[in-house]
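When you get a sec, could you build the whole thing from the sequences and use the hints?
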Amino acid sequence: MNKLLFGRYIPQDSFVHHMDPRAKLVLSFLYVIVIFFANNWWIYLLMTLVAILSIWASKINFKLFVDGILPLVWIIAFTMLIQVFFGTGGHLYWQWGIFSITSLGILNAAYIFVRFTLIILISTLLTLSTSPIQISDAIESLLKPLAKIHFPVYEVALMLSIALRFVPTLMDETEAIMNAQRARGVDFGTGNIVNRIKKIIPILIPLFMSAFNRAEDLATAMEARGYQGGAGRTKYRLLKWGTRDTIATLIYLLMTMIVFALRFF
Amino acid sequence: MAITFKKVSYTYQPNTPFEYQALNEISTHIKDGSFTALIGHTGSGKSTFLQHLNALLKPSSGTVLIGDSAITRETSNKNLKPLRKKVGIVFQFPEKQLFADTVGKDIAFGPENFGSTPEEAHELAKKMIKLVGLSETLLDRSPFELSGGQMRRVAIAGVLAMQPEVLVLDEPTAGLDPSGRQEIMQLFTNLQQTQHFTIVLVTHQMEDVANYANHVIVMEHGKIVKEGNPRAVFANVEWLHDKQLDVPASTEFAFEMQKKGFRFDQLPLTEQELADDIAAMFEKRGLANE
Ligand SMILES: Nc1ncnc2c1ncn2[C@@H]1O[C@H](COP(=O)(O)OP(=O)(O)OP(=O)(O)O)[C@@H](O)[C@H]1O
Ligand SMILES: [Mg+2]
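Protein chains in written order, with this note's numbering: chain G, 1 to 265; chain R, 1 to 290.
For the record, the hints were derived by calculation from the structure and aren't laboratory data. Among the hints, a few may not be true.
To be verified - Below, a list of computed lysine to any residue pairs in the SDA-like style, where the Cα atoms sit at most 20 Å apart:
| hint | chain 1 | residue 1 | chain 2 | residue 2 |
| --- | --- | --- | --- | --- |
| 1 | R | Lys96 | G | Ile201 |
| 2 | R | Lys86 | G | Val186 |
| 3 | G | Lys63 | R | Tyr12 |
| 4 | R | Lys105 | G | Met178 |
| 5 | R | Lys96 | G | Gly185 |
| 6 | R | Lys105 | R | Arg141 |
| 7 | R | Lys78 | G | Asp187 |
| 8 | G | Lys199 | R | Lys78 |
| 9 | R | Lys81 | G | Val186 |
| 10 | R | Lys81 | G | Gly191 |
| 11 | R | Lys81 | G | Gly185 |
| 12 | R | Lys81 | G | Phe188 |
| 13 | G | Lys198 | R | Lys96 |
None of the values given here were measured: they were computed from a predicted structure.
Below you can see the structure in the form of structure tokens.
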């Protein structure tokens with residue numbers, strides 16, 4: 001569990017870290033949407049440059065991003081293989097039953113590789129440079145218009161931030177429970193599938209017990225401190241749009257325009 | 001069973017920004033049949049040390065000798081089971097590990113994993129629940145209906161049922177009432193004295209250290225900064241205060257008396273010793289006054 005870097009915030013003093021989380025969230029989404037319009041190497045080159053520029057502006061060690069990609073290597077490889085063997089069109093190199101290797105298939109596999117990598121890079125950048133609490137603040141702020149149609153924006157944001165807050169706690173707890181059961185002779189990671197599933201029970205039940213207990217304690221503590229829901233509450237952390245955000249937005253918009261130009265004209 | 005640490009270092013999450021060296025070249029020897037107490041400020045690496053005692057953690061460098069199996073960084077995760085049977089660990093707040101639908105099944109879980117038949121395991125459960133001072137009638141209850149103190153005892157029974165040779169205890173009495181605390185500690189010493197258990201205890205209760213331990217290890221920032229019998233370790237009260245550690249209340253009391261000019265040949269560790277020393281002083285004065 002120690003290796004899991006995705007979703008961990010790394011504090012730094014950088015351009016990206018000081019950006020408004022709303023800007024980061026929206027721009028990351030924009031990037032992911034735009035990349036699906038990419039259909040030639042010039043576009044991929046441009047988008048790679050933008051990703052590298054963004055990562056550079058965050059001052060986070062590039063090695064961490066590589067660590068973020070490594071656990072997903074198998075998924076990427078699998079998707080590429082499917083493209084290579086099932087893709088059609090272009091020059092046919094080899095065929096056997098429903099399997100075929102074609103020039104277009106290979107090209108698409110290469111595109112998918114780059115696309116996957118860039119998406120992982122940008123989303124890792126978002127989570128490494130933005131604390132969970134900032135992300136949930138940003139979501140709350142972005143969803144605010146929905147309050148008009150009686151969508152419970154505040155409650156959803158609170159649920160989200162509580163959930164995010166307890167992810168590391170639950171991970172530590174899982175680790176501790178697994179260790180305790182290991183010490184009582186459970187050998188995780190051996191045996192057939194039925195046995196393996198059986199071994200999950202001694203982890204899951206204590207984990208649920210403790211999660212419920214925690215939830216109850218938290219609810220009691222909130223009530224004891226006079227919590228009454230979102231109406232009328234002011235904010236401790238205020239989100240502020242700054243010059244940095246405007247600059248970043250302009251760069252991303254420019255990128256979007258060039259991509260559309262390269263694609264459609 | 002003896003356990004030896006040779007220059008053991010351990011680093012959490014190496015090669016990440018969260019890298020933290022929790023143990024730094026620790027060397028020590030835990031004698032067969034001894035009662036070792038591990039003390040140290042919070043975060044000093046005690047729990048990390050404990051997890052090396054049954055290879056839940058493997059050293060980043062150095063060697064841990066458990067009986068005659070050597071554990072190093074390269075040791076494979078397979079075949080550790082026999083070792084884990086010999087070293088039972090009661091973790092901090094062990095009641096968190098309870099999961100079975102009845103107390104009996106939970107206690108039997110360990111022995112069954114180590115190859116006991118269900119009948120043998122059930123017999124063990126019966127025996128152990130009495131040993132930890134609970135009634136046999138609880139065996140068919142759900143562990144989640146018990147009080148916190150009862151749950152703690154059930155969890156301890158679950159580890160004892162594995163019939164280990166070394167018993168490792170991470171603050172086993174934290175949060176128990178005073179009489180419960182004494183009962184549990186008494187149980188552990190009995191096991192050590194009558195059944196030749198080797199015991200390693202982490203505690204912040206210096207009275208327990210003075211009363212039960214025969215070897216004390218003091219840790220600070222992942223290093224062993226002092227080691228010896230309780231009398232030697234508690235002799236230097238100021239040094240311990242400096243490390244933000246307590247001494248037994250009786251020792252503290254005598255230490256304060258010393259500042260006021262009373263003389264002790266050696267600082268007492270227990271109430272009994274303190275009472276004897278003070279009685280002796282009165283006797284001397286009484287004689288002098290006559
Ligand atoms: N999974 C982990 N990742 C990173 N650092 C950790 C991890 N677990 C523990 N540490 C760090 O290692 C150090 C030693 O922790 P350890 O749990 O051994 O302390 P301890 O002496 O048992 O403290 P306490 O008396 O509070 O139980 C602490 O500073 C802790 O922050
Ligand atoms: Mg600890």
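Right, here's what the structure says about each hint:
1. R/Lys96 x G/Ile201: holds (14 Å)
2. R/Lys86 x G/Val186: Status holds; Cα separation ~14 Å.
3. G/Lys63 x R/Tyr12: The hint holds at about 18 Å.
4. R/Lys105 x G/Met178: holds (18 Å)
5. R/Lys96 x G/Gly185: Given pair R/Lys96, G/Gly185 holds - Cα atoms ~17 Å apart, limit 20 Å.
6. R/Lys105 x R/Arg141: holds (10 Å)
7. R/Lys78 x G/Asp187: holds (9 Å)
8. G/Lys199 x R/Lys78: It holds: about 17 Å lies between the C-alpha atoms, which stays within 20 Å.
9. R/Lys81 x G/Val186: Holds, at roughly 8 Å.
10. R/Lys81 x G/Gly191: holds (14 Å)
11. R/Lys81 x G/Gly185: holds (6 Å)
12. R/Lys81 x G/Phe188: Holds, at about 11 Å.
13. G/Lys198 x R/Lys96: holds (19 Å)
Against the hints set out earlier in the document, no violation occurs for any number.
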